[in-house]
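Protein sequences appear in the order of chains A and B.
What the first sequence shows, in our numbering, is residues 1 to 116, in sequence order.
What the second sequence shows, in our numbering, is residues 1001 to 1114, in sequence order.
Careful: at least some of the hints might be erroneous.
What the hints assert, rightly or not - Some chain A residues well away from chain B (every beta-carbon gap over 10 Å; in silico): (1) GLY2; (2) ASN18; (3) ARG44; (4) ASP59; (5) SER65; (6) GLU69; (7) LYS70; (8) GLU72; (9) PRO75; (10) THR79; (11) SER80; (12) ALA81; (13) THR86; (14) LEU90; (15) SER114; (16) VAL115.
As the list claims (entries may be wrong) - The calculated lysine-lysine pairs, modelled on DSS-like cross-linking and capped at a C-alpha distance of 30 Å, are: (17) LYS1070/B x LYS14/A; (18) LYS1070/B x LYS104/A; (19) LYS1016/B x LYS1101/B; (20) LYS9/A x LYS1101/B; (21) LYS1101/B x LYS57/A; (22) LYS1070/B x LYS1101/B; (23) LYS1070/B x LYS83/A; (24) LYS104/A x LYS1106/B; (25) LYS1003/B x LYS83/A; (26) LYS1106/B x LYS83/A.
Hints are computed from structural coordinates only; laboratory data are not their basis.
Beta carbons are placed, not taken as given, at the ideal position from N, Cα and C, and that holds for glycine.
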Amino acid sequence: DGGITQSPKYLFRKEGQNVTLSCEQNLNHDAMYWYRQDPGQGLRLIYYSQIVNDFQKGDIAEGYSVSREKKESFPLTVTSAQKNPTAFYLCASSIGARVATNEKLFFGSGTQLSVL
Amino acid sequence: AQKVTQAQTEISVVEKEDVTLDCVYETRDTTYYLFWYKQPPSGELVFLIRRNSFDEQNEISGRYSWNFQKSTSSFNFTITASQVVDSAVYFCALSEAGDDKIIFGKGTRLHILP
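If we strip away everything but chain B, and leave its shape as in the complex, we get:
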């Protein structure tokens, strides 16, 4: 069965610090997709990144970077030089090819303190 674990319920860091949000997943499929979404206080989730299981290249987008490691079934998200606007709940999600569902982790609430 597929499962997503975000062990960090809540994290607080001071602005400009780097922070890493952990995501560990379980799946029996060889083809699957991983996602990160951001939920700011406004409520709507915003898509950040999608990665398929055959692409283990790390990705960087501005201050955001993602580290995908199949060997440890992890898809961690790092924010460099954090800003107050990064304060939100972040969700990691998994879907298996051929399945109609996307499974979300419980989310990590990130507080960036000024």
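Chain A with its partners taken away, still in its complex shape:
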């Protein structure tokens, strides 16, 4: 079945530690996104990528980094610079190479990150 796979489902981070969240898609979509969801809040865009080896900052990119070495993969690293990383992280993709604003998004099932 085609879709987006996020792993792990739960992740714990120690102080000063970097952690990486995995996102893989087999939909052959060009664009991929990372969103952060806090309780009672909407989704906020962290980073997005339209093509391989290219990505742009979203609204809350500070303390995060990404890479897009392969079309199907868009990992997110939460660095130690992110002081409040506890949140639910959602990866998404859309068909178009350009982030066409009328495209619907396909989402993974998310990763809950908590700080120890």
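Got chain A; can you put chain B on it based on the hints?
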């Protein structure tokens, strides 16, 4: 600036009742797109509907219906004869043509009580 307001944080209704989720948006563009997504307890958001700013026709899909009114900048979502499986968080979202972002509202948590 674009903005999406879902004033209802949480709603509880008894099964088989009808329920309407409100969405009010702000945009300066004449071309824009509105969306509704459902987030069940499993976590992943599921696309429900997309509407462009030039199409004000209401839409019905089974028990779901959407009322788009540009005059009041609203895009409300009604579930008829609600079922327990409708329990989820529902997000309204807006994007403007030419912008790379989709702005989400804060969501409405819907509880359908058996």
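Going down the list of hints, with the structure as the test:
1. GLY2: holds, 14 Å
2. ASN18: Holds: least Cβ distance 23 Å, greater than 10 Å.
3. ARG44: Answer for ARG44/A: violated, closest chain B Cβ roughly 8 Å.
4. ASP59: Non-interface label fails for ASP59/A: nearest chain B Cβ at 8 Å, not farther than 10 Å.
5. SER65: The claim holds: SER65/A sits with its nearest Cβ about 19 Å from chain B, beyond 10 Å.
6. GLU69: Holds, since 21 Å exceeds 10 Å.
7. LYS70: holds, 22 Å
8. GLU72: Correct as stated: the minimum Cβ-Cβ distance to chain B is 18 Å, above 10 Å.
9. PRO75: PRO75/A clear of chain B: closest Cβ-Cβ about 18 Å, beyond 10 Å.
10. THR79: The assertion about THR79/A holds, with a minimum of 23 Å to chain B.
11. SER80: At about 26 Å from chain B, SER80/A clears the 10 Å cut-off, so the statement holds.
12. ALA81: With a cut-off of 10 Å, ALA81/A remains clear of chain B, as the shortest Cβ separation is near 23 Å.
13. THR86: holds, 16 Å
14. LEU90: violated, 7 Å
15. SER114: holds, 15 Å
16. VAL115: Given a closest Cβ separation of 19 Å, the condition holds.
17. LYS1070/B x LYS14/A: violated, 48 Å
18. LYS1070/B x LYS104/A: Holds, at about 21 Å.
19. LYS1016/B x LYS1101/B: violated, 36 Å
20. LYS9/A x LYS1101/B: OK: LYS9/A and LYS1101/B at ~26 Å, within 30 Å.
21. LYS1101/B x LYS57/A: holds, 11 Å
22. LYS1070/B x LYS1101/B: holds, 21 Å
23. LYS1070/B x LYS83/A: violated, 41 Å
24. LYS104/A x LYS1106/B: holds, 18 Å
25. LYS1003/B x LYS83/A: holds, 27 Å
26. LYS1106/B x LYS83/A: Judged against 30 Å, a Cα distance of about 22 Å means the pair holds.
Hints 3, 4, 14, 17, 19 and 23, counting from the list given before, are not met by this structure.
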